[in-house]
Amino acid sequence: MTSKLDLIVKPALSRAYVRVIMGNRVPAEVVIDAFLPVLSLAAYVYTYYFLGASPQYVGFVVLGGAMLAFWSNVLWSVGSQLYWEKEDGNLEAFFMSPASKMSLLTGMAFGGVVNTALRVIVTIAVGILVFGVHFDPSQIPEALSVFALAVIDLYALGMALSSAYLLEGREAWHISNLLTEPVSFISGLYYPIQFFPFWLQALASLVPMTLGLDIMRRMFFGSPTILSEPIEVGVLAVMAPVLIVLAKLALDYMERFSKREGRLTLKWQ
Amino acid sequence: MKESIRTEDLTRIFKSEEGEVKALDGISVTVMPGEIFGLLGPNGAGKTTLTKILCTLLLPSSGRAFVDGYDVVQEASKIKEVINLASGGETPGYGMLTVRENLWFFSQLYGLSNEQSNKRMSELIDAVGLQDKAKERMNRLSSGMKQRLNIARSMINDPRILFLDEPTLGLDVVFAQQIRRYIERLIKEDPEKTVLLTTHYMAEADEMCDRVAIIDKGKIITVETPARLKSLFSKEVNLLIEVSFIGSRANELLKLKGVKGLSATDNLEKNTTTLKLVLEDESVIPDVISAIKEMGVTMHLMSKAETTLETVFISLVGRGLE
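Note that the protein sequences, when read in sequence, are chains A and B.
According to my numbering, numbering within the first sequence proceeds without interruption in unit steps and concludes at 471.
According to my numbering, numbering within the second sequence proceeds without interruption in unit steps and concludes at 332.
Check before you lean on any hint, since a few could be wrong.
The list that follows gives simulated cross-link-like pairs (lysine to aspartate or glutamate, EDC-like), each with its CA atoms no further than 20 Å apart [stated by the list, open to error]:
no., chain 1, residue 1, chain 2, residue 2
1, B, Lys12, B, Glu125
2, B, Lys88, B, Asp182
3, B, Lys25, A, Asp208
4, A, Lys206, B, Glu146
5, B, Lys32, A, Glu463
6, B, Lys88, A, Asp208
7, A, Lys206, B, Glu13
8, B, Lys245, B, Glu316
9, B, Lys32, B, Asp19
10, B, Lys88, A, Asp454
11, B, Lys267, B, Glu304
Bear in mind the hints are in silico, worked out from the structure with no lab data behind them.
Source: prediction; values computed, not measured.
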């Protein structure tokens, strides 16, 4: 006998499993995904070395690199996931099944977190072992909590974006391209954004990784935060449920739209 | 007895920049449990639109539709538990996953336990003849094998009402036959089950379906058993003529009095056209021959054919499925 809980839990776990398996089936790709991004990270580190910047900037780069791994995954995988499901002919099978669509989306996001974790571990390890970044052990538990909160927010944002990607109707990579550079710029992945005008800092704070990075920089390297830390943590804590509700609303709207228009589940439309 | 499928004056209009297209125009049909019900019609007749509405993937513009007694608009979630769909040419799933992994994933969308899922996967992999490919990645399968996987996927939840939209498309003849037998056996073993089959293959519909609906331009022209349809049209004369390439000029023959329908298939390799004509009676034959001669084409072969579902279709719709 299938219960309602089965239709929530099993689709989420199985979709996460699918994502993890698919992301790790070709060992060469796993290695490339985990290690190549370290090169762009190194470029920033050597720029700071050359400029004679304070060592804390190298720490900024490593933290930013770790967060960038998740942001890239959110943009290129989670946000565009429903688009790819449509192209693979799976969206119709999802809509026709009794499975919770939010569970499937959560499963996709969770699988993405697991897959990206290796890249993050490699980034941090290179930061410590190669570039000599020191993370104060006493700050690690609290920093990990903030990091986890920021990552949950990021993936919730990705879930909310996924339906928007599909409704926008253009090919997914155009939207990802559109978001990649501006967000990397305003969120200050490799540098503090305190020298931005206030309005730009406020805009940047809407991106979860801006606040996450800001708090972690303060914890590990003592740099000043944009807002007070409790406020930043509060914003991060509120963002996740708000974005998840948004994701649910967008998904429901997308399903209704697809049934009304009759074209959203079809490929190449 | 509760109907498996019932539609009442079902209409679906698609809006586009060019205007409105009425894909379904007042469809009313009933399908009972234990039936394999065929939907026959040319491309654009509305078969897929009807199937999608019944599968809760599309909303009707007006009218009502019920599947397993539930309204497709108001009670879609109840319908989803008892249906599934396989469309020919579509291969839902993930290329990097194996056949078995893909089936397991789709079983989880229906909340199956691992025990149920394993049992079902083994049965279906046997049924669709993919035993040797169970651990093969989907992206390494041929298109025919992917279609077998697609059929297996559509049965993973043991649906009470199964929608098959061109299920044997791309399958070799022997395997298509096996699939037909398997579906017939499913219905025989469980008379509560229902299959709605959309197909281009007249022989498939003739062989499998208890009843067929002939649909054209969004309207149902007739609903009958294949045997009854053939007997109703047995007095007509079915003519098979092979001529040198005639192209669209073949349609001129439809203007002759007594010609009820025509299907013309060009064979570009042989530079010939095969004409299947349905005539009211034999007295029309000389007029057809004269008309062909006047077109300046050579007649290679002419024979009378038996009444089949295809000739019935040509007679009712005025053209073939091509």
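The hints, checked one at a time:
no., hint, in the structure
1, Lys12/B / Glu125/B, "violated (31 Å)"
2, Lys88/B / Asp182/B, "violated (36 Å)"
3, Lys25/B / Asp208/A, "violated (39 Å)"
4, Lys206/A / Glu146/B, "violated (32 Å)"
5, Lys32/B / Glu463/A, "holds (13 Å)"
6, Lys88/B / Asp208/A, "holds (15 Å)"
7, Lys206/A / Glu13/B, "violated (26 Å)"
8, Lys245/B / Glu316/B, "holds (10 Å)"
9, Lys32/B / Asp19/B, "holds (13 Å)"
10, Lys88/B / Asp454/A, "holds (17 Å)"
11, Lys267/B / Glu304/B, "holds (16 Å)"
In summary, the numbered hints that this structure violates are 1, 2, 3, 4 and 7.
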